[in-house]
Structures are given as C-alpha cells and as structure tokens.
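Please model the complete structure; the sequences and the hints are all you need to start from.
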Amino acid sequence: MSEALRLGAKGGDKPNTLRRSGRDPRESRTHRGAACAWSFEDVAKGSVEPQWAEVKPKEGQEEGEFKVRCEKGTFECGCGKETRSGDAAGSSSRAGEGERGQWRRVWALPLLLEGGGQDLRQHPAHVGSSSRSPHPRPVPRVTRTDPASSYRNCGLLCPGLRASWSPGPLRPSPPDSLPGAALTWAWMRTLGSWPSRLVATMSGNLTRTHAKGTQRAYVLARAPAHPRIQGLSPATPRQRRLGSAGPVSRSWVTREEVIVTIKQLTCGRLPSRPSGLSWDRVQEFPPRQRAPGRAGTVTAASPRERSAPRRRSGQAQQDLPATCACQPGAERWRWWCAGALALALGGLPPARSVEQEPGAHSSIDGFQVVTFKWHHVQDPYIIALWILVASLAKIVFHLSHKVTSVVPESALLIVLGLVLGGIVWAADHSASFTLTPTLFFFYLLPPIVLDAGYFMPNRLFFGNLGTILLYAVIGTVWNAATTGLSLYGVFLSGLMGDLKIGLLDFLLFGSLIAAVDPVAVLAVFEEVHVNEVLFIIVFGESLLNDAVTVVLYNVFESFVTLGGDNVTSVDCVKGVVSFFVVSLGGTLVGVFFAFLLSLVTRFTKHVRIIEPGFVFIISYLSYLTSEMLSLSAILAITFCGICCKKYVTANISEQSATTVRYTMKMLASGAETIIFMFLGISAVDPLIWTWNTAFVLLTLVFISVYRAIGVVLQTWVLNRYRMVQLEIIDQVVMSYGGLRGAVAYALVVLLDKNKVKEKNLFVSTTIIVVFFTVIFQGLTIKPLVQWLKVKRSEHREPKLNEKLHGRAFDHILSAIEDISGQIGHNYLRDKWSNFDRKFLSKVLMRRSAQKSRDRILNVFHELNLKDAISYVAEGERRGSLAFIRSPSTDNIVNVDFSTPRPSTMEASVSYFLRENVSAVCLDMQSLEQRRRSIRDTEDMVTHHTLQQYLYKPRQEYKHLYSRHELTPSEDEKQDKEIFHRTMRKRLESFKSAKLGINQNKKAAKLYKRERAQKRRNSSIPNGKLPMESPVRSFTIEERDLEFSDPEETHGYEAEELSGGIEFLAKVRQDTATDSTAGIDNPVFSPDEDLGVLARVPPWLSPEETVVPSQRARVQIPGSPGNFPRLTPIRLSTKSADSFLLADGNAEEARHHGLPASTHM
Amino acid sequence: MERHPAFKPCICLFQVSSDQIEQLHRRFKQLSGEQPTIRKENFNKVPDLELNPIRSKIIHAFFDNRNLRKGPSGVADEINFEDFLTIMSYFRPIDISMDEEQVELCRKEKLRFLFHMYDSDSDGRITLEEYRNVVEELLSGNPHIEKESARSIADGAMMEAASICVGQMEPDQVYEGITFEDFLKIWQGIDIETKMHVRFLNMETMALCH
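One line per chain: the protein sequences are A and B, in this order.
As numbered in the UniProt record's numbering, residues 1 to 1160 make up the first sequence, in order.
As numbered in the UniProt record's numbering, residues 1 to 210 make up the second sequence, in order.
Here are the in silico distance ranges between beta carbons for each label pair: (1) A:ASN858 to B:ILE21: 38 to 44 angstroms; (2) A:GLN786 to B:GLN188: 23 to 29 angstroms; (3) B:HIS25 to A:CYS572: 46 to 52 angstroms; (4) A:GLN725 to B:GLU181: 28 to 34 angstroms; (5) B:ILE21 to A:PHE603: 51 to 57 angstroms; (6) A:SER558 to B:ASP19: 45 to 51 angstroms; (7) B:GLU101 to A:ALA708: 29 to 35 angstroms; (8) A:GLN725 to B:GLU101: 15 to 21 angstroms.
These are calculated hints, taken from the structure and not from any lab test.
Ideal Cβ placement from N, Cα and C applies to all residues, glycine included.
As structure tokens, this is what we get:
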C-alpha cells in the first residue's frame, strides 16, 4: 500500500496524484509523481507548511492510510473515512463513503515526520486507533500562544486511521496558518462513545479572527440543541468556570475554551444530525487517567465533514449504523477518544456551516419558555455596560464642582480607566478591552471631528487660516523632525542602551508623536476658556495637522519597511507630493460631501423626521470615502462640517436642527469619554510595557522644548503679517497647550511589530506622553492661564447694535480694500459672500430659507424671543402672573433677569429655554401635529423661527381662540403683519408720551368698558400655573407674543411724520386710569382677531377697532419692568391674562366655550 | 488745516508707511484719472464697489468734512491725496507699541468714523431715522429682506441702545438719539481690533504729517 503511494517512484504512471494546496483550493497546483516529493520534503525541512493535500487513490486502492516516504522520513497521511476498507489497524474505517476516483483531501499539516524511513507502526511514538503501541503517551499540553505545540498536538488523523505524533519541534507557524479544526458529529458518531465533557480550544473561523489580529477566537458552537449535549459554557483559558449553561442553540463563544457537557451519549442512533462543532481541539474534560495500553489521546475528525457539509444531514441516518457496526471495539473508544483535535484546514468556516443547516437543531429540543442566552448578547452588552460606566463616571465627577473645576475631565477619565483596567486585570488577567485603532478611527474619532467642524466658528477660523496652516504644516513637520532626530542623536550617544532601532524608526516615532491631538485639545481647552483667537489657533492646528501626520506616518512607515538604504530621493519627492494630495484631496472630498449634504437637505421637506440622519450619514461617508482613498479623513469630515452648516441649518426644520445639534454634541462627548477611559484601560496590559527611562524622559523633554521653540519661531514670522499680534503669553499657552492624545496612541498601536522592532517601547512611550500631556499639562494649564492673565473669552449676549455695526464694518473694510485696490482678506470675504449669495445659496438652500437667512435677522429674533421667554419665566417663577398685579410693587416689578435663579433652575423649563433660546423649540408637544400640518410649508415671508415660535402655537390652538378660519394663503400676510406689528407696538409706546396720551386715554376708556363687559361674562380664578405642564403653558404663552394690540397702532402714522422721534423707555402711568391697572406690554398684548387683522393691517385703518381678547379684557395685566428690549411698556387696563389660561385644562375648556373676541 | 474741535492731534492717525503712500498714490491717480483731486464720480469707476450695499455712505464718508477734519459739518466736493490718506489712516491697525492712551484714542477715532457715517445730518446724534436708513442700506444686499423688517430691526437696535445708554429710564424720559458718548458706550467691551483695520496698512509706519 505504501508503495503504491510512493509518488516519487511512481511518478510515471501516476497511480495517485497528490496535489499540494494552499488554503485556497483555487490556487492549488497539481504535482504529479515526483513533484509531490519536494512538497513533503519541504515540510520535513520545516520550510513549507502545507495545509492539505489531495490524493486521488488509484482504482481499487482505497486505503485509509498513506505513507509518503522521502529522504527525511515517512509521512503518513490519512485520507479519512473516505477510505473504503479498513487499514492495517483495522479499527474504524468505514465503507461506502468515498467515491472512487475522486480527490480526497489529505490533511497534510500534521504530516507526521518519522525518523528516516522507519516504519511508522514500529515507532514508539506511534499512536493510533489500533492501540498497538505499547507506550502510553501523555496528552501534550496545549497553550494557545504556542502554535508549535498545537502542531504537535495536531498529529492525528481520522479516527480509526493511523495517526502518529511527531516529537520533533516543528516550525511555529504564524497565527493565520494555525489549523482550524472541526469536531463533527460524524466524528462523534465514529467514536461510538462519549466523554462526559469536552474542552474545545481555540476556534474555527480563523480567517476572521486572525485577520483582525486579535487573540480572540470565535468558537462557533452551534450545537445542537441536542439533548445529549447539555450545554456549552464559556470558560477562561484556565478553565475556572466549569459550569454548564442551558442548551445552547447558536452562539458565538468568544472564549478560548468551552466546556461541553455531554451526558449519556451512547452510540446509538441520533435523532437527527446537528451541524458540526468546529473546534480546534477537543478533549475530554477533565482529562482522564488513561489505562495502560490505551495511549491514544489524539484522534482525528473526519476530514470529509469539511468538504461535504451539505451531505451531512442526509447521510446521518444511514451512516450511523454502519459506523457502529464497523467498530469492533466500540467500548474501547470511550477511553482513548477523550481528547481530539480536529483540523479544519481549509475547511468551511463554521459560520457557513451554520447557514447551511438552519433549524437542524430545532427538532431535537423542546420549546423552552425562558432561555438564558448570555453569549447571544455578550459583546453588545459589554460595550453598552462600558459606555454606561463612563457616563455614570461623568455624573460622579460633576457631583463635586471643586474637583472638575481643578482637574480636567479627560484626566479624571484616564485615571478611572486605569482603575477599571486594573480591576479587570486583577480579576481576569487579560486585557480584553483596549482602544483598538479600528474602534478609534472608525467609530470614536469621526463624531468628535464632525462636531468640531460643524460648530466651527467659520469667520474666526478662516480669518486665522494662514496662521493655523503654518502651525499645522510647518509646526508639525518641525516637531516630528526635531524630535526624531534628537532622539536618534541621543541614541547614538548610547544613553538609551541597546535598541533595535534605526533613524527611520525614530523619525516614524517623531512623526506620530508630533501631532497635537484635537480630542485632547478640545477636552482641555473647553474648560480653560482662553480667548477665541488663541483657541482657534491651537484647535485649528490640531485639526489640520492630521494631513501632515498621516503623510509623515505613512511615508516613514513605508521607508521603514523598505529599509533605510533603499529609500531614494524619488520616494522623498513622492512623500511631499502625497502631502498635497492627501490634504487637498481630503478637503475636496469633504467639500464635495458638504455640497451633497446641503443639496439633499434641500429636498427633505416631507421627510422631516429623518433629516438629521442625513447630516450624520453623509458626513460619515465623507470620512469613510477619504479613508478609502487614503486621503486625510479628518480633514474631509472637518470641512464637510464647516461647509455644510450654513445650508443645512437653513434647510432643515428647527426641530431637526436642534436634534442635529444635540445628537452631535452627545455623540462627540460620548466618544470623547470613551476614548479617554479606554486610553486608561489600554494602559493596563503588561504585555505592552517596555520601559526605557532615557527614551521616555527624553521624548517628553524634546516634544515640549521643540514645541515651544517651534511656536516662538513661527510666531515671530507670523507677527510680521498678522493684524492681531500673538503676544508672549499667547505663545506660552500655545506651546503648553500642545497636548498629545489618542490619535498618537492609535497610530502607534497600528505599527507592525515585524517592521518596527521596538514597537512596544514606542507604545509605552506614547502612553506616557499622552498621560503626561493630558493629565499634567491639562491640570496645570488652567492655573497657568490665570497666572499669565491670558485674555479670556467672555460670553456676551449678542447685541443687535453690535451685529449691525459689525456688518457695517465689514462693508466698509471691503470697500476700502476695493478703493485702495488691494486684494486682502476682506476683499476675499466680500467676494465669497457675494458668490455665495448669488449662486451657492440659490442652489443649496430652500427658497424660503434664502429669504429668511440673515445673521442680523436671526439675532433680532433671538433677542425678541429671549425677552419673551424672560417674561414668561418670571411669571412661571412666581407661580403665576399674579405677582404682576400685586399692588405693593406699584405696578413696576423689577425682575432681575440677569442672574439665574437657582431655586427654580431645575424646575423651570423656561429657564432651560432661556439658556438655549436660539435653539429652543417651544412647541414641543405639537411636533406631531406640526408634521402633518399644512402650515409647515415653505410659504412664509418672515423669518421662519418667528413663524415657528410665535405663530405656530396660535395656529395650533386657533380653534380655541379664533372663530375665523385661517386659510393657509393668509398665513404669509399674517406672519409679516405680526412681525412688523410687534415692532411697531414697541415704538408706539415710546412715543406715547408725546403723541399718544389722548389716544391712550381713549383706549383706556375702551378697555374699561370692555373689562366691565368681560367681568360680567366670566370670572377667572387666579390659579397657579400648573408646574407639571410647563411646556404646555409655554405654547400658550407663545401665542400671545405675536398678539399685538391694534389700538396701539393708531399713532403710528403720525409718528412716522414727526421728525424727531423720542423714545420713552419707561412705563407711562398716565394711561393707567384704572386703579387696578397693569402694565401692557405691546409685544405681549393679546389680539386674537387675526382674520380681520390679516386683511386690514391695523395701522392702515385706525378707525377699525379690534377688541382685545376676552382674556385681555378679563384680567389685569402686568409685566416686569425692565426688559431691555421690551421696555416700551404702557400701563393699561388690558390684561395679559393668558397666563391664567395656562392654569389648567378646565380653564381652557371654559375659554373654549366663551366667545373668543368681540367686535365693537 | 482747521480741525474739528473734538479732534486732538493724534499722531497715530497720520502714520502710513512710505511704500504704501506710494502705492496709494498710484491708486489715487488711477482713480482720479491723473487729476490732483478726486470727486465722488470717480469712485463709480471701482467695479467691485458696486455690490457694496452701503456704497454711497462709504463714498460720502470720504468727502465728509468731519472725517477730513476740516469742519464740524458739510461735505467736500473733492478731496486731494492728503485727504485721501487721512481717510485711509482711519484703518490703520493699532500698533503693538502704542500705550493704553493711544490705543484708546485710536479706537475712538475709528468709531468716530463709523459714527459720522451714521450721523448723516452732522448733529452729533444718530436719530432713529438715520439709523433706519443705514440699516435699510445694510440689509439691502439681501433682496428677500423687506424694508419693513429692516425698520423693525433698526427700531429694535435703537431700543437696545437706549436701554444700554440710559438704563432704567424714567417714565417721562425721552431718548432722542445716540450721541457719540452713547455710541462709545455701546461699543464698550467689544473688540474692534479686527473689525476696523485693513491689513495692507499694517506695515512699518512713519509720520506722514507733522
């Protein structure tokens, strides 16, 4: 038999052909005859690691065992149960399986090397099913980190066939050639009897796991809800957890070993055939003492299983009896089949076999009401838990204001990560959760950068773009070069001891450690509040230097790979070129996607609810695209955010804009939290630590010193051109603010250990540098800034005057540049804004948005809104607006709006709204209705925030307050009217002292009469504001904001004519003839008769008197006395009693029933 | 040269570098058509200026006697190169070597330029009408903003100014308009370092006058 397979000798007539293959059968080459000899010879030398070979047995020669002899020895190959007749050992080969003339796969990996030409069977190490070998052999210990030993243990073939064991050392294989294994049911059947428990080691799906470079292996334990396999439970490599869980139907087990408990398995007919378990090594657990003479500890799985998984189900039934029948000593198997290593060389990945047999297990197990499926949820569950822990930690940090005001949050998170990592390490001795580059670059970094770009103060950014670029490009190159070269210099001096490291490695290290990190800078500088110019320079630098970092990193990494001698000047030129390609390409990709995004949001009118999604998805796509094109992804997503913002916020609805804003902030903040915490956790892993005091300390010194030198040099150059000089203290802060962070860490982890020999040293040093900069510098920068008296940024409320004057300045400056024939910064900006207005906005913005988007208008509305909310907030704070009518305050209630009121801070929704006034969506409850509403259309003339904030609620509740149908066609006009009327009202009251006394007296009389009338109609209890539904009250309050008092407009025309307009900034009491007079703020004065008003603007028809709403008539109004912009307040008898309306549903219902307005 | 009484001699305003003077002189001649003086019509030749919404105001400022320090009011018909330089020197950036007082003075002068632009009738007060005019012009660049809106904004700004300058006004108090003192108050705490400077003038300076 063995002669028949001595292929070398029989090359001529080719009785058998042996094909040596790689893992991919398509690449297999056929070696005939002599050709195969070399392959095995190579194996013997250890230079080739064949995965498998295929043997086509000659006709009539269907042996289960092949030996291949070569000079070095005999290789024994089994070809599994395809063999028809029993081999010499006669144990377990079965008939009926193999087809003649077919290729059979021979598992060549464990090709067992026996000493020169020795007969296998006489070899003492021989183990096999026949158990002829008299020498028992202990089970070799397998450790997962030692592939060589795995090889040794792999020495096995099919059960019942000859297997032998190679005592000699084999070459350790790289992880991705580690054999997979399959423990199949076929094999189990073959065994005939079952161990009580099995331990499976490592996993099957090798391509997947090893390609990821992780040590984690997946064991696809799709077993089989088979009654006899009671369950699989994860165990640590040290097998500490031995318990078995319930039946597992389909699980990805992420542990290295699983314990399978198999109960009462006997050789018998299996009800059905579950799919295979794919394990590397299966052995009985706990290992039994073997009886003498039963040495076999290694048996093999049937290779056929891998080639024919589809056939399994059908054959199961018929195979089994035959198998059992063919096993003369079935009972003996029980003893030595305890451990088995089944090879899955080139076999199907376990996942595929799962897919091929769906539901195969379901027929066995009964329905279970409750199952505990930890493995099913394990990964996402753990991730969610980590995020939760990080978020909770943030809460805890902020419990103590003292701590967070001194220690930056990023530093706290790193420390927390260290602690948690320590705990996990102590418990598990494995660092399973680390900040992997994939996780960081694909999931954690993009939200942060997008957030930074989206909320970038564009004007500031572009105004300082030159400075930023200089620092980002020249500064980073300078840092990288000087740090790398200096370290190399010191290395040459011998101070660092003996390192396997060259100049290029140092430069590579320098390039990755040089870059200032956007995440760290943001985290620290946000808490420091330096002035905005300083901030934008440091932060802009950290964002834009990504392109430089990427290029330097790639260049030096490829140089390191090439080797120092092979680097030509062409490569250097290529490196420079690639810088421009990477940076400009990344920017262009970002701009392109911003354009796309703006365009898409222009057409999302009818899908408001998914609008925010576009912002994130398309920005993320820009990131991925530039990553795909190996451009600078950070630049891409930054510029995507910068460019799209204007158009996106104009296009999407206010709610969507709020959603985008909050989601973005949430994602960014969450990602930042996770990054810092995982940085801490990642540091707890003894495997990565290599300490070299000189290297670490010098790196720290060099990066700080060269950063400072670089900043000073560049600032010196820049200050000759900059308008706003960067002073010494600015330079100090800039030097000190050069924080390194997770980007450097992720880059250093990405290094290939085979190329960069001292990777661990680099990693350790980077961690030290990151921790030092984030913790130490982050901790000290605040005191430093205070000590140096760096100009801080101050948050001011936007002022209308400031905006107007600023706009005027812009135009003046661009005009001056025009006149003097300069092409300066202002000139460019002016041209850009013209271009933007003429072309870009027309393409990218909705028409309605084009109309209403103007910065000044926005500020105007923000301020208006803020005032209104202040007013309402004051009312809410006091429980109701009753305070306004309090006589003790003499109708002037001084409300302090400047300071937050802690007592009501949390309870008061209005406080929240006031804080975020520009963002606020007052009409929260009506979101649903709004979406359906026809009102939510584009046809509005005035600013759409006004429309949303002020107009919408009225429309919402119009059935309550207006008897007139408001057709959509009128809306436009009404909006406009309301908008202007509001302002007119204010003016009106200013001049009331001058012109309006008589009119107001008239009006007062009118009010008096109305009031009397109303009092008869209704008596409204002065209830408290329902605090449980503040939002609701808001929607009602809001409605009143747009209501203007038509009476007030009488004097408008006259006022227009009068040359000098005098402003009266204080309430005039003379109009308040009524003793219970309140303050009538015209802005808030109610007016519900909108149908009439819409058609006839009141100031055009002073004769037409529109009576204020019943609410107005019933109640005595009041208003705080010192609204900055709402000061034109007139005392009157009119009421802003809408507050009462909010008092309860009953109240509303009552109003509903009442006549809403009265015409006189 | 007769000075506006409000003007103190401010050396800083008359500093423009010699290079730039030459450059500006070339430009001046180009604008004036090789004439010694420049008239309003000459500015129409500047093509880029056409899009500027407050074009007329700016051009007017060039001929404003107050800006030229030639008198408390009135408009000059034509300006010579020296006047041209005087206007240009308003946009000189603040030198780092200047002391506090000078900086404050410069700042004041710059704001005065703006103030004069607003105060078209030279009465030392920006009235509502004047303010409205300016705002309307400012916003005229955007065709979608209507006059009414612009007016409302001007009104709002005026009220804001009143509340800043006068604070809590008495009921009978009347706010007639923004005086220059009020104007300075409005600008208090607002950095104009980048807003009123043109970079091309940021060169080595030398005394031009005096």
